[in-house]
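Visitor: Now for the letters of each chain:
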Amino acid sequence: MTTVLERVRSGRQAAGERWRDMPRWVRWAVLAAVIVFFYALPNKEFYQYLGPIPTTGSNFTQVLFTVSIYVLLAVGLNIVVGFAGLLDLGYFGFFAVGAYTVAVLTSPTSDLKTLWPWLLAVPLAIALTMLSGVMLGTPTLRLRGDYLAIVTLGFAEMIRIAAVSSEFLKGQRGFNQIPHPPGKYADGKPFFGVLDARPYYWLVLTLIILVVIGVRNLERSRVGRAWVSIREDEDAAQLMGVPTFKFKLWAFAAGAAIAGLAGALFAGKQNFVNSQNFELLNSIIILAAVIFGGSGNIFGAIVGGGLVAYMIERFRGIELFGVELYEYRFLFFGLVLVIMMIFRPEGLIPNRRRAAEFKDRRKEVTVGE
Amino acid sequence: MDFDGLFSNFGELTTTGLTQGAIYALVALGYTLVYGVLRLINFAHSEVFIAGAFAALWTWGAFGLDQDSVVTGFGSIVFYLLVAMLAAAAASALTATVIERVAYRPLRQRNAPPLAFLITAIGASIAIAEAFGIYTRRLPQGIPTIVANDTVFSVAGVPITKVQILTIVAALAMMIALDFFINRSRIGRGIRAVAQDPNTAALMGVNKDRIILMVFIVGGAMAGVAGLLYDVRIGNLTYSVGFLLGLKAFTAAVLGGIGNLRGALVGGLLLGVVENYASGLFGSEWKDFAAFAVLVVLLMFRPTGLLGESLGRARA
Amino acid sequence: MSETEQKPVVPAQATAPAAETMKNREPLLEVDNVTLRFGGVVALDKVDFTLYKGEILGLIGPNGAGKTTCFNAMTGIYQPTEGQIRFRGEKISGKKRHQITQMGMARTFQNIRLFPEMTALENVQVGADAHHKTSVISALFRLPRHRREEREGREKAQRLLEFVGIPHRLHEYARNLSYGEQRRLEIARALATDPVLLCLDEPAAGFNPAEKEELLQLIRQIRDQGVTVLLIEHDMRLVMGVTDRIVVLEFGKKIAEGLPAEVRDNPKVIAAYLGVPDDAA
Amino acid sequence: MLLEIEDMSLLYGRIKALHGISLTVDEGEVVALIGANGAGKTTTMRAISGIRPIASGSIRFNGEDISKLRADLRVRRGLCQAPEGRGIFPGMTVLDNLDMGAYTRRDRSGIAQDLKRVLELFPRLAERRKQAGGTLSGGEQQMLAVGRALMSRPKLLLLDEPSMGLAPMLIQQIFSIITEINQQGTTILLVEQNAQQALARAHRAYVLETGRIVKSGTGAELLHDPAVKEAYLGVA
Amino acid sequence: SSGSDDTASGGDACGNKIAFFGALTGSSAALGINENNGVKLAVEQYNKANPDCKVELVPLDSQGSPDQAPGLAQKAIDDTKLLGIVGPAYSGESEAAGPLFNEAGLVTITPSATRPSLADQKWKTFFRAVGNDFSQGPAAGNYIKNVMKADKVYVIDDQSAYGAGLADEVKKVLGPVVVGSDKVQGEGKQTDFSAVVTKVKAAGVKAIFYGGYYQEAGLIRKQLTAAGVTAPLVAGDGVNDAAYITSAGQAAAEGTILTCPCQPATEARGTFAQEYKALTGAEPGTYSDTAYDAANILLAGIKAGKTTRPALLEFVKGYSGEGVAATYKFVEGGELDPAQVKVWAFKVTGGKVVPDQEIPKS
Ligand SMILES: Nc1ncnc2c1ncn2[C@@H]1O[C@H](COP(=O)(O)OP(=O)(O)OP(=O)(O)O)[C@@H](O)[C@H]1O
Ligand SMILES: Nc1ncnc2c1ncn2[C@@H]1O[C@H](COP(=O)(O)OP(=O)(O)OP(=O)(O)O)[C@@H](O)[C@H]1O
Ligand SMILES: [Mg+2]
Ligand SMILES: [Mg+2]
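Residue numbers (my numbering), protein chains in the order written: chain A, 1 to 369; chain B, 1 to 316; chain C, 1 to 281; chain D, 1 to 236; chain E, 1 to 362.
Be aware that one or more of the hints could be misleading.
Stated by the list, open to error - Pairs of lysine to aspartate or glutamate, EDC-like flavour, derived with a Cα cap of 20 Å:
| id | chain 1 | residue 1 | chain 2 | residue 2 |
| --- | --- | --- | --- | --- |
| 1 | C | Lys212 | C | Glu162 |
| 2 | E | Lys171 | B | Asp150 |
| 3 | D | Lys16 | C | Glu172 |
| 4 | C | Lys96 | A | Glu219 |
| 5 | C | Lys212 | D | Glu221 |
| 6 | C | Lys133 | A | Glu319 |
| 7 | A | Lys113 | E | Asp120 |
| 8 | D | Lys68 | B | Asp209 |
| 9 | E | Lys201 | B | Asp150 |
| 10 | C | Lys95 | A | Asp235 |
| 11 | E | Lys352 | E | Asp337 |
| 12 | E | Lys352 | B | Asp66 |
| 13 | E | Lys40 | A | Asp233 |
| 14 | D | Lys229 | C | Glu214 |
The set of hints was computed from the structure by calculation and includes no laboratory data. Since the structure is predicted, the reported quantities are computational estimates derived from the model, not experimental observations.
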């Protein structure tokens, strides 16, 4: 058993190394192919040939949109948790802020009756979410470790309760008739329509690529280093001249902004936003996704976010021995998390830095355990 | 704001709040213990609690009691309570142990990063809750009336009921026993040592795995008793109630200073009372909001909780 | 972010003259009647001394005398209960820790505090970043200034690692270095912040006599590049060999101050600290 | 032989830190281990007390093979270490820390006696008995670490740089304590950078270089070995 | 519009499908399961009667969550053989899925989404087989005021679109008689109602109205009774379910008044209740009958050869007929003709929900 696992592990490692050793152009080409694949994915003409990949229980394109939103969220949360080491259990709260900002500004059912177009509301949604990140962060980022975790969780829960209970945010009645993004086909039909989810997916996909490029730049800069040093030893970081508070706030704000963007996109696609969209479980699922994929590694976060969202939907419509698997999907989800983490504690696609550490630590266990 | 609603019911809001708080406190102990030793938010602890609550329910079921039964007579009340308490404590301790073995120990043996534990904890929590949900077809389960909610005496016009006395006395007793165990016994010292520096603790001859197991068993048993008390008090049990209760209990632990046993008690009681006052003042829908708001505000002024950390590592 | 004046870049400044005439020189750090209490323990009791530009000052004393606490007060980890600390003429109190570092004070720790899961190179780069100005925005878009600073930081880090003698450990994770290597890395990281004043807390702990000799040379070189050094150390050979002046603490009080030779022969110091002259002294 | 190590190797990931070390410690001896930074001294100590598994070779203690024994069980066999970096329990008081040293012992009166003795040896600790370990000064922590190791009354005491961070006067004292407890019957394996003192007090010593034993002999022999002198005593 | 040609060109009217859209799993599944069973019964009966041209039932499990609704709606739309939908069961998911169905011209008849605003959105495919909150709320209020003659009432709701809507209507009718109100959390998020109980007890009311679903209602009733509050609980159709009695316990549940814009099963034409029990092994629950009727409307259309989406839509729009729960005829916006909406009061007696009386309109 162990030897097999070892072999699998070393094989995977070798694959990873081969990837790193490949010439640059090969890597670019592979990357380009992957991107093209994902752009092509929502087209029925394409995905019908993909065997069991498309979901059967729910429209695949719509599922892809959900998955892409989760990926965007995972990329954002990875900044907070993976880079800066700030355990944020309430990340979905920022998503809610983004979605509600758009809803309040654009929906005819809103008390404001401003009826803005979607596009105009997006920057404001991002800005407000960022602001809410800063507002939450300013008093709480002085807290360390797990205190922060519970406070962020509390924050998300407070947002949810406010959404449910406040008159202004309309609770479960929600906001309807939120406008779609602008754009028309040549024949005058709107590009972002009601029935075709592909344009929304393409939009999110494009934004994911842009966001990832930006986040990667940050990671490989002074900013990224500051984040990691805070994660490692906050006191020492301060004494080496890192304005830790400022950078933690930046991590929070950057993460929040991405979540706000995701929320705005979601609202623009969905038309309808109510308090049921923001269950606490969502925050936890996103966090699980990030760590599952490999915290601290952007690519890992993407894979984690995608897989987790996809997995939950994929179980829909599968029947095994006459029982609908869908009913059991959270049971499976839970078990998969446990099992996966036991076999790959560093995540599916580990952070290279952490992987090295991990490989070493595995040997450091006291004898006989 | 309904000041009248708060003041005219102040006494009763306090007593019911304290009762609920005692249950939070018992569950909080488990979080605090495990957190103190492993630096791990044992998310699955809420399901340890649920296991105890179901075990008590099924034990009564095995004696032929159902939701409409009312137990009378002091002897049989004590009997049913004790039997169910044993069953609940055992079931919870067992669940906790299994979680430790299956979800945490393998990771520990691989020296996995802390976040990995958090995820297995979440995974285990979801899986166990779902298993109970599927088993009960997600329906709420009625609970027999073991202790009637009679008023025993009144203090300044506020009735104190049997259930309240039972809950608070049981919680306090367990808490005191645990405090002695941790602070006075050799194993208690071992627990604190592992909490602060597991490797050095091993160098002093402490068997880490045994200590960790102890922690899960003790914390589990407490949660089991809390489960029983929950059953008696609420009179109804749904598979999914653990999540929010666990969250509150964890909040209580943090409020008091996580890793600090007495803090768990203080935090739990405080949280219970605050929730009830907020219900009186703003309406019940703001109850949880108030609970978290208090947490946030308090942590701003006391970043390590009311009583501060104690089991945990101080900064060197 | 108040200071912008001269920032001595470690390997680039003119040699400072040796230390005889310190008294006429400009004070760099003034510890003015500082008292610091922890509950009942008085860790610093009206401590008073001045550090002049360009010198190497030794801070010695028995265990628990308050030496590390003094460092902690200087770098903003503790607030003095009474008294003032001035660095380059400015009060320290009320300054954030990173601001103090940016003003030109850097330190190492008695209990090593590296970033264990960063490589040696990255550890030093964090130090170098203290004076970098790239904002989140310019990092986000990889503006030219950001790229230039990145390159400079990396080169500086490499130079410093070579300087402290662990260039072969460039890409090793800090946690994997041996105790002595970690100490060296700490010094490199502190130097990367371009300090005017470098505070070393027992840098030689865990070094053998031969290695201590190397360290002695290193400290001199650092001083020669214009950095003022404050040194806590228990190894008398090192202290006597490298310092220009010595301050002695006992039970939080200053009990002596003077040239190394004076301090060594001070009976109070012998009684409190040195004991029977050790073969090394 | 109390401790017999044969051909012990140890890996950190892919890096080999010990390349087949063999050493022995006889009942009643003080044995010193010296070497430059990164030579593998601490690594050897960790392997002996079981904090790190060894890749090959064997460790025998009192005739029993303990290479695969859990760390805490080794303590029960009578092997105790004061680790590098001191390993104080920061949140526990000085007294609790000392009590942890006696964790495997059951004889109350013996423990009380030893506690008294340790507090006499280090009056500073007696003064600070209620202070949290983590807030002690570096040297105070070092005293605590050594005192705590003494509390377990080991057959074999492993000391990893016990004089680190101590004031000159205390260094003298630590070394006399080492001699004293050795005379009372405790065997000692000592890692020291203060090679002069260590060699002077050790019956035998080993020199470690990049994971290999390159020299061994009696303390006095090594003390006068020119190569050792140059490399480790700093006498050019 | 999409995909109707397919069926027509095939010339085969069979292989048609209808779907049920609602929560079948998750915390709000009970209602959905009741309804799905009703639809199942209708389809089964239809297939027995038309063995050579069966209709298939597609269950679409939304968990009651608006996020999942568009994906499921789209899936239904993609399936060109799918002609009509019973559902969506809840108002939130209806909001999210409505625009898609409207765009695709796929007819929906909801048996239980009672939020009034759904009918205002100009969806041409929306039909509602029950009265909305405006019909039931006032009726419940009237019952409390005129039948129970309670002069002090406490109103609680669970903040769901349904529960809060209902409670608001009740408050409007009762006016000053309402001496206090409170809100709780639904969907199993709250189990300890001690604060509410304290307030109700202190208010010394004659009746308590609860807007929400049976799970919380049961708990509240149980805890009220335990605290010595004997005033009867009045609640809407969301509580009208056997599970309420399980949840509250028989003793506590006794005397609870449940209103419903539906008729008692005994009044239902035919043998619906027996057949339902034969199929599912359980008594019909809330809206089982309405869902059954809604399905039958669609099936009647298919039987009549309206096997394209536009044809079926037209059929439903013009439908008029009798079901087991009510008489159906849709007016402007897809609402059930107000003249057809009858609200009944039921009472829990001896552990059973038994019909009490039809509540007069004012
Ligand atoms: N947070 C604290 N709480 C209580 N006492 C403290 C605290 N920090 C330090 N002390 C005490 O203050 C005194 C001075 O400590 P400090 O660390 O400055 O000593 P030091 O001179 O650096 O000694 P060493 O040479 O042993 O490192 C010590 O007795 C120590 O126990
Ligand atoms: N956890 C680890 N992972 C990888 N390499 C390590 C680890 N710990 C130590 N090493 C390496 O193993 C070698 C031996 O280290 P060790 O700590 O045993 O040295 P030492 O002789 O105790 O040195 P010092 O005098 O500096 O304490 C060093 O090169 C060190 O970098
Ligand atoms: Mg010190
Ligand atoms: Mg060492």
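Visitor: If a hint holds in the structure, say so; if it doesn't, say that too.
Guide: Evaluation of the provided hints:
no., hint, verdict
1, Lys212/C / Glu162/C, "17 Å, holds"
2, Lys171/E / Asp150/B, "33 Å, violated"
3, Lys16/D / Glu172/C, "14 Å, holds"
4, Lys96/C / Glu219/A, "25 Å, violated"
5, Lys212/C / Glu221/D, "23 Å, violated"
6, Lys133/C / Glu319/A, "59 Å, violated"
7, Lys113/A / Asp120/E, "17 Å, holds"
8, Lys68/D / Asp209/B, "16 Å, holds"
9, Lys201/E / Asp150/B, "15 Å, holds"
10, Lys95/C / Asp235/A, "15 Å, holds"
11, Lys352/E / Asp337/E, "31 Å, violated"
12, Lys352/E / Asp66/B, "17 Å, holds"
13, Lys40/E / Asp233/A, "62 Å, violated"
14, Lys229/D / Glu214/C, "15 Å, holds"
Hint compliance for this structure: hints 2, 4, 5, 6, 11 and 13 are broken, all remaining hints hold.
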